[in-house]
Amino acid sequence: MAAAKLHISDLHYTYAGDRGPGVTAIENVHLSLASEDFVSLIGPSGCGKSTLFNLIAGLLVPDAGVVMLDGTSIVGRPGSVAYMMQRDLLLPWRTVLDNLVLGPELAGKPLAEARDRARNLLHRFGLAGFEHAYPAALSGGMRQRAALLRTILCERSVILLDEPFGALDALTRASMHEWLLGIQREFHRTMILITHDPDEAVYLSHRVYVATARPMRIGGIVDIDLPPDRQREVTLTPAFAEHKRQVLALLHEPAAAGRRAS
Amino acid sequence: MAARGPGLPRLGARAKNVAAPLALMLLIVAAWEILVRALGVDSYILPPPSDVVAAIYLERALIFRHLRVTLFEIGAGYLLACAVGFVLSVVIVYSKAFRRGVLPLIVASQTIPVIAIAPILVIWFGYNDIPRIIITALVAFFPLTVSFVTGLESLEPELINFFRSLNASPLQIFLKLRLPAALPNIFAGLKVASTLAVIGATIGEWVGASAGLGYLMAQDTQQINTTRVFAALVVLGVCGIVFFASVSLLQRLFMPWVYGHMRLPWRRRTELSVAVAKPAA
Numbered sequence: 001m002a003a004a005k006l007h008i009s010d011l012h013y014t015y016a017g018d019r020g021p022g023v024t025a026i027e028n029v030h031l032s033l034a035s036e037d038f039v040s041l042i043g044p045s046g047c048g049k050s051t052l053f054n055l056i057a058g059l060l061v062p063d064a065g066v067v068m069l070d071g072t073s074i075v076g077r078p079g080s081v082a083y084m085m086q087r088d089l090l091l092p093w094r095t096v097l098d099n100l101v102l103g104p105e106l107a108g109k110p111l112a113e114a115r116d117r118a119r120n121l122l123h124r125f126g127l128a129g130f131e132h133a134y135p136a137a138l139s140g141g142m143r144q145r146a147a148l149l150r151t152i153l154c155e156r157s158v159i160l161l162d163e164p165f166g167a168l169d170a171l172t173r174a175s176m177h178e179w180l181l182g183i184q185r186e187f188h189r190t191m192i193l194i195t196h197d198p199d200e201a202v203y204l205s206h207r208v209y210v211a212t213a214r215p216m217r218i219g220g221i222v223d224i225d226l227p228p229d230r231q232r233e234v235t236l237t238p239a240f241a242e243h244k245r246q247v248l249a250l251l252h253e254p255a256a257a258g259r260r261a262s
Numbered sequence: 001m002a003a004r005g006p007g008l009p010r011l012g013a014r015a016k017n018v019a020a021p022l023a024l025m026l027l028i029v030a031a032w033e034i035l036v037r038a039l040g041v042d043s044y045i046l047p048p049p050s051d052v053v054a055a056i057y058l059e060r061a062l063i064f065r066h067l068r069v070t071l072f073e074i075g076a077g078y079l080l081a082c083a084v085g086f087v088l089s090v091v092i093v094y095s096k097a098f099r100r101g102v103l104p105l106i107v108a109s110q111t112i113p114v115i116a117i118a119p120i121l122v123i124w125f126g127y128n129d130i131p132r133i134i135i136t137a138l139v140a141f142f143p144l145t146v147s148f149v150t151g152l153e154s155l156e157p158e159l160i161n162f163f164r165s166l167n168a169s170p171l172q173i174f175l176k177l178r179l180p181a182a183l184p185n186i187f188a189g190l191k192v193a194s195t196l197a198v199i200g201a202t203i204g205e206w207v208g209a210s211a212g213l214g215y216l217m218a219q220d221t222q223q224i225n226t227t228r229v230f231a232a233l234v235v236l237g238v239c240g241i242v243f244f245a246s247v248s249l250l251q252r253l254f255m256p257w258v259y260g261h262m263r264l265p266w267r268r269r270t271e272l273s274v275a276v277a278k279p280a281a
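Sequence order for the protein chains is A and B. Residue numbers for the first sequence follow my numbering, so the first one is 1 and each next one is one higher. Residue numbers for the second sequence follow my numbering, so the first one is 1 and each next one is one higher.
If you are wondering where the hints come from, they were derived from the structure by calculation, not from laboratory data. Predicted model only: the values in this text are computed from it and were never measured. For every residue, glycine included, the Cβ atom is placed at its ideal position computed from N, Cα and C. Warning: the hint list may mix true and false statements.
[To be verified] Rough simulated footprint, nothing fancy, chain A against chain B, three-plus residues with beta-carbon under 8 Å:
#1 164-171
#2 176-188
[Said to hold, decoys possible] A few chain B residues that face chain A, going by a derived Cβ cut-off under 7 Å, partial list only:
#3 Ile160
#4 Asn161
#5 Trp257
[Claimed, not checked] Take a look, some chain A residues computed to stay more than 12 Å from chain B by CB distance:
#6 Ala16
#7 Leu121
#8 Glu178
#9 Leu181
#10 Gly220
#11 Leu248
Please work from the sequences and hints to get the whole structure.
Have a look at this one:
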């Protein structure tokens, strides 16, 4: 593989306990992403996936390990990658447009320029006509699209997506998937998606990392061998089913092993 | 004209909201007037409303001279309470040690009856505005501080994490996140304090002053000039209501995401309300 866009190796993180030893959340995690890669991280809920994202985003500092972006360490340096959290976290007191330019605004970049860029993308993100509305007037899907546009406008090459579609209904979610694939190609971003939906992981990704729970390790990797410009119909093919089977097998393996051991 | 369509029913609803208490008040005043006259109650015990209105009009020069003094105390005391409350709440929110040390003292200060320390303040600062401004502030600052603190802490930790992920500075987190998120609570405190400031200034004047509506009322009570006591009371009450309403108006102006943009006569309908109206179409 060529020089990695984002390279993570030997990552360890332990939450400090009040008394006694802390809880190990992340153990020996390796991830490597090429530029414009789309990988998913799937695992049981509460397995430490969000902790991993907080480490990559610089909000937490690992006990050991490397996080390199374009060959430079970004350990403990917030703002190096863009991070879209589970909830849309739109600020209710700002209009949609003012929410969208929050990243450039906090970075001290020229606001007028950022607003122009946001305005030009409103249509692509299904928000045309809503730039002066408050978030309360938006539907769930629109809020997520606004949150993603805000993340895109942070102008970071790597985007972390923490279960962005978890709260949406199945139909909205399916349409958001196709749209997200288009966005990723159009804006040349490298994306890591946290999910616990195997269909979502296989449909969107070039590669799926399957995580084990407590402490979190990478239990297996499934390379997704589907065309990059895939359509919804691909989910009905035998190849898709086979990939999904592999992911599910890896997901259930540690649990089965645990049962055998007891 | 189509633009006024959606505005009209809301205006009607608001008129109803105002009409109900107004009608009730008129009813009470009318009953008061009729009963006092029918039963022949002496005016030093309970003057009829018409006499009170007449007193306000006839003695307007005197009443408004005293009102000016009281209004100044209310304004200065209120601003002092806001400044102290704001600074205290920010320090309480950002410093655990300060919170542990000072918050109990602030609560304790509220158990001391203001009426008891008012004379001491007069001894310290003399017969001028300062003790009365302090008393006004003392009465008003507590609910202010409490609601400021509640507001500044009402933030979800996720939002702070989100701002940190954007590499926001602590000052940016305060100005662009904590402060706007606290506005609903801040205005709740400002509203409660606006009524308390009127009470505080009156108490202050009652205890020791040479001017002001509270002073006038204390004098008139001793001279059993009940009609003028009521006249001062009504003027003071109207001021309190106007003060409260002004703060409410400020709240509407500062929080358009809750109340919508007000259709003020000098602000033309903009593309903004069109955008909000669209989802229905």
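Right, here's what the structure says about each hint:
1. 164-171: holds (count 5)
2. 176-188: Answer holds; 5 residues pass the 8 Å Cβ test.
3. Ile160: violated (10 Å)
4. Asn161: Holds - the Cβ of Asn161 (chain B) comes within 7 Å of chain A, reaching about 6 Å at its closest.
5. Trp257: Trp257 (chain B) check passes; min Cβ-Cβ to chain A is 4 Å, inside 7 Å.
6. Ala16: holds (17 Å)
7. Leu121: Its Cβ never comes within 12 Å of chain B, the nearest being 17 Å, so this holds.
8. Glu178: Holds: least Cβ distance 23 Å, greater than 12 Å.
9. Leu181: holds (24 Å)
10. Gly220: Fine: 29 Å to the nearest Cβ keeps Gly220 (chain A) off the interface.
11. Leu248: holds (31 Å)
Violated hint for the displayed structure: number 3, the only one.
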